[in-house]
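I would like the entire structure built from these sequences, with the hints used as guidance.
In the order they appear, the protein sequences are chains A and B. Quick note on our numbering: the first sequence kicks off at 193 and runs consecutively. Quick note on our numbering: the second sequence kicks off at 1226 and runs consecutively.
Quick caveat, the hints were computed from the structure, so don't treat them as lab data.
EDC-like, lysine to aspartate or glutamate: derived pairs with alpha carbons at most 20 Å apart: (1) Lys1242/B - Glu279/A; (2) Lys1298/B - Asp1378/B; (3) Lys1340/B - Glu1241/B; (4) Lys1343/B - Glu281/A; (5) Lys1250/B - Glu302/A; (6) Lys237/A - Asp265/A.
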Amino acid sequence: MQILSVDDSTIVRKVIRGATEVLGYGLLEASDGFEALRVLETNHKSVNLILLDWNMPGMNGIELLQKLKSNPDYLRIPVMMVTTESERENIIKAIKEGASHYLTKPFTVEELIKKILECLGMGG
Amino acid sequence: MLDNIQIDKDSVNVLEKALSEAIVKVIGTTSGFELNNSLLITGNNPLQESQLVGIMFLTGNTNALLAVTMSNKTASTLVSYISGIETTELSDEDIQDGVSELINMIAGSAKSLLKDTKFYFHLTSPITVVGENRLMIHKGTGNKLYKRFHFGDMQINLIHLIL
Chain A
193 MQILSVDDST
203 IVRKVIRGAT
213 EVLGYGLLEA
223 SDGFEALRVL
233 ETNHKSVNLI
243 LLDWNMPGMN
253 GIELLQKLKS
263 NPDYLRIPVM
273 MVTTESEREN
283 IIKAIKEGAS
293 HYLTKPFTVE
303 ELIKKILECL
313 GMGG
Chain B
1226 MLDNIQIDKD
1236 SVNVLEKALS
1246 EAIVKVIGTT
1256 SGFELNNSLL
1266 ITGNNPLQES
1276 QLVGIMFLTG
1286 NTNALLAVTM
1296 SNKTASTLVS
1306 YISGIETTEL
1316 SDEDIQDGVS
1326 ELINMIAGSA
1336 KSLLKDTKFY
1346 FHLTSPITVV
1356 GENRLMIHKG
1366 TGNKLYKRFH
1376 FGDMQINLIH
1386 LIL
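Written as structure tokens, this is what we have:
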């Protein structure tokens, strides 16, 4: 099982890495939307889930999400937004653009693990 | 009649409450530390005794600067608890990024609490300022909020300046 974390914060990506290590999953990382697309170009067949920040320099998370959902190679990969944007209209916007799950910052590692398992259809 | 008194949703008390709730929630959720004993700071230099400052400019009907300031020790302790990485294994860049992410989350939490008030804002990119003996001088006449929170033997300062 492999997850792609897209977030401009190295600390957030390290927190996510800690959670994926607990689950025994692999983690690919990207610090922005452009890097995420480069990573996916060569790894998309092995990526099972994308964790996506919203506010990033250059291409923001929603813009990347639109690109992901318009590319047939990436369409099957579920996307969970992991972001400080917590208002209802933003959640609705992300869901309309194709995000399947949403986790607002701040979160505990336990919450993150639970949401990852839900995204992968393994939630209890 | 007390029942007829309505809280002015645009009062600075609402702003202070939202910011306080946000920082308590963020620090508590991410690190497990419980902030307490908050007090309003007086004095001219809110950056005194701080070596790291996380800043975000808030844009909206009311433009403002939001900042958290702390010592190197507090920052490394917080980032260690947040990330699960020992303080000795954290690089300076990790700690600076952690401070940046803290202000990002505090602003994000406060933003949702201030919806439908004149203080509602949009997030911008966080900034971290590093160094000793920094001064912050602001000559504006807008509301200034400086608040200090204690946890253990550490403290973190919250600054909100209406520009």
